[in-house]
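Got chain Y sorted already, so can you dock chain R onto it with the hints?
There are 2 protein chains.
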Amino acid sequence: MQTLSENRAFGGVQGVHAHRSESCDCEMTFGLFLPEDAAHVRVPVLWYLSGLTCTHENAMTKAAAQGWAAEAGIALVFPDTSPRGAGVADDDAFDLGQGAGFYVNATQDPWAAHFRMWEYVAEELPALLAAEFPLDMERQAICGHSMGGHGALTLAMGLPGRYRSVSAFAPIAHPTQSDWGRKQLGAYLGADEATWAGHDATLMMRETGFDGPVLIDQGGADQFLELLQPEALAGAMAARRQEGVFRMQKGYDHSYFFVSSFMEDHVSFHAEALVG
Amino acid sequence: MQTLSENRAFGGVQGVHAHRSESCDCEMTFGLFLPEDAAHVRVPVLWYLSGLTCTHENAMTKAAAQGWAAEAGIALVFPDTSPRGAGVADDDAFDLGQGAGFYVNATQDPWAAHFRMWEYVAEELPALLAAEFPLDMERQAICGHSMGGHGALTLAMGLPGRYRSVSAFAPIAHPTQSDWGRKQLGAYLGADEATWAGHDATLMMRETGFDGPVLIDQGGADQFLELLQPEALAGAMAARRQEGVFRMQKGYDHSYFFVSSFMEDHVSFHAEALVG
Numbered sequence: 001m002q003t004l005s006e007n008r009a010f011g012g013v014q015g016v017h018a019h020r021s022e023s024c025d026c027e028m029t030f031g032l033f034l035p036e037d038a039a040h041v042r043v044p045v046l047w048y049l050s051g052l053t054c055t056h057e058n059a060m061t062k063a064a065a066q067g068w069a070a071e072a073g074i075a076l077v078f079p080d081t082s083p084r085g086a087g088v089a090d091d092d093a094f095d096l097g098q099g100a101g102f103y104v105n106a107t108q109d110p111w112a113a114h115f116r117m118w119e120y121v122a123e124e125l126p127a128l129l130a131a132e133f134p135l136d137m138e139r140q141a142i143c144g145h146s147m148g149g150h151g152a153l154t155l156a157m158g159l160p161g162r163y164r165s166v167s168a169f170a171p172i173a174h175p176t177q178s179d180w181g182r183k184q185l186g187a188y189l190g191a192d193e194a195t196w197a198g199h200d201a202t203l204m205m206r207e208t209g210f211d212g213p214v215l216i217d218q219g220g221a222d223q224f225l226e227l228l229q230p231e232a233l234a235g236a237m238a239a240r241r242q243e244g245v246f247r248m249q250k251g252y253d254h255s256y257f258f259v260s261s262f263m264e265d266h267v268s269f270h271a272e273a274l275v276g
Numbered sequence: 001m002q003t004l005s006e007n008r009a010f011g012g013v014q015g016v017h018a019h020r021s022e023s024c025d026c027e028m029t030f031g032l033f034l035p036e037d038a039a040h041v042r043v044p045v046l047w048y049l050s051g052l053t054c055t056h057e058n059a060m061t062k063a064a065a066q067g068w069a070a071e072a073g074i075a076l077v078f079p080d081t082s083p084r085g086a087g088v089a090d091d092d093a094f095d096l097g098q099g100a101g102f103y104v105n106a107t108q109d110p111w112a113a114h115f116r117m118w119e120y121v122a123e124e125l126p127a128l129l130a131a132e133f134p135l136d137m138e139r140q141a142i143c144g145h146s147m148g149g150h151g152a153l154t155l156a157m158g159l160p161g162r163y164r165s166v167s168a169f170a171p172i173a174h175p176t177q178s179d180w181g182r183k184q185l186g187a188y189l190g191a192d193e194a195t196w197a198g199h200d201a202t203l204m205m206r207e208t209g210f211d212g213p214v215l216i217d218q219g220g221a222d223q224f225l226e227l228l229q230p231e232a233l234a235g236a237m238a239a240r241r242q243e244g245v246f247r248m249q250k251g252y253d254h255s256y257f258f259v260s261s262f263m264e265d266h267v268s269f270h271a272e273a274l275v276g
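Chains Y and R are the protein sequences, given in the same order.
Residue numbers for the first sequence follow the numbering used here, beginning at 1 and rising by one.
Residue numbers for the second sequence follow the numbering used here, beginning at 1 and rising by one.
Chain Y with its partners taken away, still in its complex shape (with noise of 0.2 Å):
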């Protein structure tokens, strides 16, 4: 692992760190921030997954969570979206490939040699985590924005007992069933749409959901809106009697501007199961 910047921040650190990863067979790059807190004793963890065309950087530098995370003693990992680099494929549409991950692990050429980020998020970078830096991996949380909140939600739900809560800004709520969903679960998975179920925050939710409190905020003035279906996860929240929150923000976009705004909710909302 080698560390690329660390800025002073809050009273702590915001790293960016590189690594060789073998899950995606590329070099890859994340941000992570360590309150003050960090210099003394192993620090909880808030994972924010990043929407399409967002690196590492994109969060990190816009959507003003570090404040609030020292305030908690909170650390924040700010994983990339996907492989990347010359050797990796791409596409030229700004949703699918490098940027576009989707939090999968491909089976479909020319997408299975690098687009793991499931195991990625799930495996490979939480050891390195655990191994490099002073984490309580056993109190961790997540949320994610746009195709970063399809992540959280279906992370949190695909691997019961890690996150003690989860939360979303504007997340793709209902990917089988929506034109950001089905072209990249086709691509990356194949047509057989049973392998897509696993990753559907809302049959998800349907099936199983969460066990531990659960918080969306969806902008009402999103103009992704079609794209998203927030009301298929809301329905299936409410149907399964989920723990949660549900909050349709009234004139809020899909922008780092309504991430921001709320940012200091999410993070309470997590210190309150990390922290307590």
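Among the hints, a few may not be true.
[Stated by the list, open to error] Derived DEER-like restraints, expressed as beta-carbon distance ranges:
| no. | chain 1 | residue 1 | chain 2 | residue 2 | range |
| --- | --- | --- | --- | --- | --- |
| 1 | Y | Thr-3 | R | Leu-4 | 36 to 42 Å |
| 2 | Y | Ala-39 | R | Gly-158 | 41 to 47 Å |
| 3 | Y | Glu-71 | R | Phe-94 | 31 to 37 Å |
| 4 | Y | Glu-132 | R | Ala-127 | 53 to 59 Å |
| 5 | R | Arg-42 | Y | Asp-91 | 36 to 42 Å |
| 6 | Y | Glu-264 | R | Gly-87 | 43 to 49 Å |
| 7 | R | Ala-127 | Y | Met-248 | 37 to 43 Å |
| 8 | Y | Thr-53 | R | Gly-158 | 47 to 53 Å |
| 9 | R | Glu-22 | Y | Asp-25 | 53 to 59 Å |
| 10 | R | His-19 | Y | Asp-109 | 50 to 56 Å |
Source of the hints: derived by calculation from the structure; they are not laboratory data.
From a predicted model like this one, the values you see are computed outputs, not experimental measurements.
Just so it is clear, CB atoms sit at the ideal spot from N, CA and C, and this is done for glycine as well.
Positioned in the frame of chain Y, the structure of chain R alone reads:
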């Protein structure tokens, strides 16, 4: 004036607007955050002047100021840092020409035709804002980062009575004695150093000071300490018995991670003067 974008943020609206500037003889773009209160009353204004290479956008997305401004009921203005466009003079160096206006009115060729950022920030943009938005121009304050800290301090001291309070993050504090200053003031204003004196915060602090509170934050691990010369300004503030606070923040560098870490303090400081 043309509105390029509006995003709901922290209960208010982050807008980006463009207009034909007489001062700079080109189209200029600025950001304006209006808190929720602006729907009902004229709100006070905090100017944020940005540093070298920045546009109106950097601080708007990375300084994490809107949440605190929303809470205090204060508008934020994010001007660009120079005139721009194909017909505007430029230089290959990052610290001269477009993105590096230094908040002066250039008198020398090829800069004099467009580089009138002092007039733009002091006269033209305030008049436009007063005409177009629900702002209380009797209650203004100003802050900035790096070159923008230089701009904030020199405008505040150069326009007595205009701003109730001034603050800066890592300002270029003594440009007449620094490579960040001599090069630009020489290019824009010519070789007669007498014309530079009204654009050096340390000299102005020695000469007149500021009739109100001053807050300066400087990172102790700033990579540009030799160019910024904070010791000159700190000494001048103390020698004048200037009302104010100079803080050396151990371990912080020159980045927006530093700026955002202390933004809450700066907005609170200005809110005290503006809203009381």
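- prompt: Can you name, in rising order, the numbers of the hints this structure does not satisfy?
  reply: 5 and 8
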